[in-house]
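Novice: In the order they appear, the protein sequences are chains A and B. To convert, note that position 33 of the first sequence is 33 in this note's numbering; the numbers rise steadily by one, no gaps. To convert, note that position 39 of the second sequence is 39 in this note's numbering; the numbers rise steadily by one, no gaps.
Any given hint could turn out to be false.
[Stated by the list, open to error] Within a straight-line C-alpha distance of at most 25 Å, the following computed DMTMM-like cross-link-like pairs (lysine to aspartate or glutamate) qualify: (1) A:Lys-239 to B:Glu-75; (2) A:Lys-54 to A:Glu-97; (3) A:Lys-143 to A:Asp-166; (4) A:Lys-239 to B:Glu-61; (5) A:Lys-54 to A:Asp-4; (6) A:Lys-143 to A:Glu-21; (7) A:Lys-239 to A:Asp-120; (8) A:Lys-239 to B:Asp-45; (9) A:Lys-54 to A:Asp-3; (10) A:Lys-239 to B:Asp-65.
Since the hints were made in silico from the structure, they are not lab data.
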Amino acid sequence: MTDDQLLRYSRHILLDALGIEGQARILASHALIVGAGGLGSPAALYLASAGVGKITLVDDDSVDFTNLQRQILHTQARVGMAKAESGRQALAAINPEIAVVPLQQRLSGPALDALVATADIVLDCTDNFATRHAINRACVHHKKPLVSGAAIRFDGQISVYDLRRDDAPCYHCLFPEGDDVEEVRCAVMGVFAPLTGIVGTMQAAEALKLAAGIGQSLSGRLLLLDALDMEWRTVRFRKDPACAVCGPTAAGQAPGYLPRPDADRESAGGVCRPG
Amino acid sequence: MRVLIPSALHAYTGRPWVEAAGGTVGEILDDLERQFPGIRFRMIDEQGNIRRHIRLFYRREMVFDLATPLADDEELMIVQALSGG
Chain A
1 MTDDQLLRYS RHILLDALGI EGQARILASH ALIVGAGGLG SPAALYLASA GVGKITLVDD
61 DSVDFTNLQR QILHTQARVG MAKAESGRQA LAAINPEIAV VPLQQRLSGP ALDALVATAD
121 IVLDCTDNFA TRHAINRACV HHKKPLVSGA AIRFDGQISV YDLRRDDAPC YHCLFPEGDD
181 VEEVRCAVMG VFAPLTGIVG TMQAAEALKL AAGIGQSLSG RLLLLDALDM EWRTVRFRKD
241 PACAVCGPTA AGQAPGYLPR PDADRESAGG VCRPG
Chain B
1 MRVLIPSALH AYTGRPWVEA AGGTVGEILD DLERQFPGIR FRMIDEQGNI RRHIRLFYRR
61 EMVFDLATPL ADDEELMIVQ ALSGG
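So that you can see chain A by itself, here it is in the shape it has in the complex (with noise of 0.2 Å):
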């Protein structure tokens, strides 16, 4: 570590339980953001100024008018701008020393299971189950790390699903993807701004424990936040035996991936644009 970055990260440093070693495994690491809205705008830079060494900043969409009351990577002034380059230039003001990668792509199939690959944590900032359930199913594939949030309204979700453990339960354990889910959309819904700050920073909490290789992951435990009642609730759960994705295969098949037509399949209609 330079004097620049034990200078930089002294406060984490200072930390018994993260220390110098907990700081140089954070810098040696590479997360994988999916999606630069509510959530991942808060869970990048913590991530940045934490001191990432690596991050993919990854959304398909360009920064709104609408944006701008929540997605605090971007600004009025970039306003038209592909959300990961304004991700990118936002990161890079606070922590130029941290490589970033803004793809402004919308992640499926082989994309996303090669960037999976590479990530040593996932986080799942996405706006809608498709894409949640085709990283979780890459995510078992590659036995990665991932942190998912979730918002709207005043109801945040927040969970790890850390498939380096073969006990550990997927995101498939506790909601079975199907065909009846009910996507409710931030555009039609709201969404109160401070809640996508909340349950993304305690993403870039979870995600930075897991890189340091510290604490207690937020692993089978589902935390619900009531942003109104300001009430959280712990509720648990395990790994399904029978799950879909996770669970037995074939022999020689990878878990993860399963032989059906619509395994990476996007919704058209239940995507929440304005994140």
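Since the structure of chain A is provided, determine the placement of chain B on it from the hints.
Specialist: Frame of chain A; chain B shown alone:
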């Protein structure tokens, strides 16, 4: 017992916590339907299965079986998957 309703279904109940009577998960859902007509079908499909985006938690653990017995002084939490980001 006290039942936590996910906000997507507050249109039926008007509030997050409601009281419902019954000795099993199924009976609680039946009583919710009596009080708030239409709410059960949002959680249970035509085959009588819990919808995949709805999860029920009792004593903080997930409940799959509608015949699961419940104690009146406990809480049933109904959770709906969120996707907004």
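Novice: Evaluate each hint against the coordinates.
Specialist: Against the structure, the hints come out as follows:
1. A:Lys-239 to B:Glu-75: Between Lys-239 of chain A and Glu-75 of chain B the Cα gap is close to 23 Å, so the pair holds against 25 Å.
2. A:Lys-54 to A:Glu-97: holds, 10 Å
3. A:Lys-143 to A:Asp-166: holds, 9 Å
4. A:Lys-239 to B:Glu-61: holds, 12 Å
5. A:Lys-54 to A:Asp-4: holds, 18 Å
6. A:Lys-143 to A:Glu-21: Holds. Lys-143 of chain A to Glu-21 of chain A sits at ~23 Å (cutoff 25 Å).
7. A:Lys-239 to A:Asp-120: Roughly 22 Å between the alpha carbons, so the hint for Lys-239 of chain A and Asp-120 of chain A holds.
8. A:Lys-239 to B:Asp-45: holds, 23 Å
9. A:Lys-54 to A:Asp-3: holds, 20 Å
10. A:Lys-239 to B:Asp-65: At roughly 17 Å apart (the allowed maximum being 25 Å), Asp-65 of chain B and Lys-239 of chain A satisfy the hint.
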